[in-house]
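Protein sequences, first through last, are from chains R and Y. Residue numbering for the first sequence is 1 to 262, as defined by this note's numbering. Residue numbering for the second sequence is 1 to 315, as defined by this note's numbering.
Treat the hints with caution; some may be incorrect.
What the hints assert, rightly or not - Label pairs and their calculated CB-CB ranges: (1) Y:Glu-20 with R:Phe-164: 37 to 45 Å; (2) R:Asp-115 with Y:Asp-118: 34 to 42 Å; (3) Y:Pro-231 with R:Asp-115: 41 to 49 Å; (4) Y:Asp-291 with R:Lys-36: 31 to 39 Å; (5) R:Ser-61 with Y:Lys-281: 55 to 63 Å; (6) Y:Glu-180 with R:Gln-29: 27 to 35 Å; (7) R:Val-168 with Y:Thr-121: 25 to 33 Å; (8) R:Asp-115 with Y:Asn-184: 34 to 42 Å.
No lab work stands behind these hints: they were computed from the structure. All C-beta atoms in this analysis are idealised placements derived from N, C-alpha and C, irrespective of residue type, glycine included.
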Amino acid sequence: MVTAAGSGHPGGSLSAADIVAALYFQVLQHNPADPKWPGRDRFILSKGHCAPVLYAALARSGYFPVKDLVNLRQIDCHLQGHPDMHKTPGVEISSGSLGQGLSVSIGMALAMRLDNLPGRIFTLMGDGESQEGEVWEAAMAASHYKLNNLTAIIDANGLQIDGFTCDVMNIEPLPEKFAAFGWNTLVIDGNNMEQVVDALERSRTAAGPAAIIARTVKGKGVSYMENNAGWHGKAPKAGEAEQALAELTGEEIRESREKVGS
Amino acid sequence: MAAELKPRATREAYGEALLELGARHPEVVALDADLSGSTKSGNFAAAYPQRFFNAGVAEANMMNMAAGLAIGGKIPYASTFAVFATGRAFDQVRQSIAQPRLPVRICASHGGLTVGEDGCTHQSIEDIGLMRMLPNMRVVVPADFNQTYAAVIESYNLPGPMYLRTGRPNVPFLYEQVPEGLGNGCDILKEGSDISIFACGIMVAKALEAARRLEKRDIDAEVVNVSIIKPIDADTVAGSLSKTGRAITAEEHSIIGGLGDAVAEVAAEQCPVRIGRLGIKDTFGKSGHPDQLLEEFHLTVADLVNLAQDMQKSE
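Isolated chain Y (complex conformation) (with noise of 0.2 Å):
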């Protein structure tokens, strides 16, 4: 972990990559629905005004104008809270930005818990699983500023359309710089055998703590970091838990439809281990700090340490 390093949120990575982006291609273009200070896409709005796009509160109309913009030939980067991005609009997404397969990237900030004190209408914790039904949907959900500002600038090349994931919270550096790109988006960063530690956004870095207390309890944890939620890398997860003989999931979402189900599915078809999903149990959030909801929800590397000990206590 670059630990030197201030913590810095996901969504300012997102609002300097797009910068980067609008300085570099003509065609980028932006929108929102009234939070750009929020999402960060304000920054762009600064710079670039003429290829700024405000729908005011209005996700639905937003959604849409991104589709068409798209059409005509811009690479459009569409911005709003998830729970607004993936629920409000979803119609919209699934028919004119997903069924064909037009190049709109929706950057959603505020995903999952830590959107804190707002409570649960602001909550996202079905985006994940909201995105990854929609056919040709890219679902991606980086772990640290770097990696977010890596998937920005690397979004700009995809042909398709594609969910992003930020934050709110400052959270750890992992990547020490910007990484070439995101990969086959399954990233493992602590290798281990007894096993595998799948998360993703703000859980990898728990994670990777989690991997080190189990270390003093004589378990060798995998870590692997799964910034690409949709398509999964399925090699590299079956992979992993053919070596280490069960997982654990660990993210900021429902443990219905996200990064548990998508490692489920994976193991359930090639490779069938114990897993153990962490995340939102099948419950809406509140208001609170959001460590102390990360607390409650059982969140924490202490939640992550007891569960890994839990599975091989047990077997």
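This is chain R alone, in the form it adopts within the complex (with noise of 0.2 Å):
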């Protein structure tokens, strides 16, 4: 998708794969056939740039033709360089600035408590976003409003565009900054699908807001992106995305599907 568009970020959507993949397809309750069912919960991608990864799960999941996704930014396609909210269906949100998701959804999340509606957001967040002040407004305002019907989840693949996220600003420790911000917070491999599944199911009944810091590997699965920030957003040419699937439909991957039986 991203060699055949000539740009994008696959390093940031590969490290978020395994989450994504678990959300769609083993912890949301949502429905294709109507992506506005009002009972759904609510999948936010606050970091937009990783946008292929949303695009792949929602085009496996039946809100569009998988065949879209190779027209990933072209002139006439509804995939954009980052999501917009009225041009693909199951986007929840335009996203693309980063740091604004996290707010965006807390504002969902009280319409939701407002409405009695059962669903519950799931947005996810990069390390290096969360270097955005207006995150710790959200982180604040969240445990403020007492919001129980909403999981951060942030993709802690620890680079960012200019190298180590420990050298560019250090945000670490996310886990004791989320929880002194008042979220019940947990700590996972976010590339072991096990792990993923577990804490998303088990945010659900979380007092309050619940954050996931799921260390990640970026680019992962592909052993030329791994931990490279120069991968970030560079699209990889022919011969190197024909390795990258050869790879990443290898066995590692398969195994841990089948440890969630989908």
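Two chains, each in its own frame: build the complex with the hints.
Structure representation (structure tokens):
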């Protein structure tokens, strides 16, 4: 998809792929035939540049044809470089400029509470994104409003465009920070499907907002991309993509899928 | 002018109209960023605490919470001072409100210099320009209490986002009763043939007074209250320009980006005439009593009269 587009963000899409797959194919209550079903859980992609992983999950769920994916970022395609809630079925909010998704999620969670809707909001953010001050305005507000229908998942892959997060602007310790802001906090291996599914399900019963710090590997599953900041926002060439897909469809991934029984 | 009514601030009309909307529509919610007493959203907060959300001193979070509430089917009214609503939270308004065309009503008080003593940090002179630049955004600057009330009530039915600017000081009543709505947003309050004065906000009352004084000097000024600055009613603007052949714009805002530019754009494309722009001349404000500031920054009735006379003479 990203290769066909010639641009895009494979690194952060891959680090979050296990989380997004767990959500769409196991955890979320949703109905691709009725994307606006009021009773659904909502998935919010705050780190909008990782649109490819969202689009892949939506297409495989049946929100739109899988063949659309190769037209990512093309002039007549609904799949924008960053998600657009009015163009792509299943996209809940428009995102791209970082640090806004958690705040929008709070508004949605408040609206759902006013309407007594049963769904939960699962918001995926990046660790680099958490350098935005607004994330902490939102962290404060979510616990202030005692939102027990909100889960934030921080895809902590430790990398951002300019290098390692700890070198660019250290955001750690993320678990202690969210805990100090009043969140129920859980740290998991975000590329271990069993842990991911378990944490997402457990978050449903948290007494307030729940933060899952998912330790992940940027570029997960593609040997030459793993832990390499250079693959944050670069499209693989055709040969590279072939190698990546071969590696990704290998044994390891298949095994972890079988574990969650999907 | 409804002279018998005691002047009242447009922000008070916002507070009262919001209360009425709250009573009529359960999906109306309100937000503020620790200024609910000043913006007057506090009226709503007291009456409907379950539907009021104070974000604290966190305007960016407030605007995005408003966006989320709108996505959830609510009609959010979000208030703070104009300078924070449009400057501090510009990116949030841009990405999460304007671009997705969400029905968030940004109702900002304390527009312009008449904030007064707080000084330039709190005097919003760029807000109209910032909001006018955003696609999908409707920009509304009512002239008095009653027109503000109408604007707020009418806004309930708008499909997309709106920026509404109110002010801190008391202003004279121009409309004896709450009008039906803003109509096309270009209200010709006095017809004239020699010069068009397009004004918004607190400058409309001054434009009417200037027109009275100009009449004694044989200048027949037309006064147009432009309450909807975007989308501007280009037909009415061009019609007035073609009738009078010259114009003044008057606003409590920078001469860059606001009403003056909006009128000049219509003129340039449809009816090129000379335009004198009365506004803040690409500078920041300062502390002082509102009336002193309006004098120092040349936003008085006398300034309007002088400019109209100069334009008449120089032709």
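Do the Cβ positions of Asp-115 (chain R) and Asp-118 (chain Y) conform to the proposed distance bound of 34 to 42 Å? holds (39 Å)
Cβ distance range 41 to 49 Å for Pro-231 (chain Y) and Asp-115 (chain R), holds or violated: Hint violated: Cβ distance 33 Å, outside 41 to 49 Å.
Please check whether Asp-291 (chain Y) and Lys-36 (chain R) have a Cβ separation lying inside 31 to 39 Å. At roughly 53 Å between Cβ atoms, Lys-36 (chain R) and Asp-291 (chain Y) fall outside 31 to 39 Å, so the hint is violated.
Do Glu-20 (chain Y) and Phe-164 (chain R) keep their Cβ atoms within the hinted range of 37 to 45 Å? violated (55 Å)
With 55 to 63 Å as the target window, see if Ser-61 (chain R) and Lys-281 (chain Y) comply at their CB atoms. This hint holds: roughly 57 Å between Cβ atoms.
Do the Cβ positions of Val-168 (chain R) and Thr-121 (chain Y) conform to the proposed distance bound of 25 to 33 Å? Cβ of Val-168 (chain R) to Cβ of Thr-121 (chain Y): about 31 Å, so the range 25 to 33 Å holds.
So does Glu-180 (chain Y) sit 27 to 35 Å from Gln-29 (chain R), Cβ to Cβ? With Cβ atoms ~45 Å apart, the hint is violated.
C-beta pair Asp-115 (chain R), Asn-184 (chain Y): status relative to the range 34 to 42 Å that was hinted: The hint (34 to 42 Å, Cβ to Cβ) holds, given that Asp-115 (chain R) and Asn-184 (chain Y) are roughly 36 Å apart.
When each numbered hint is compared with the structure, violations occur for hints 1, 3, 4 and 6.
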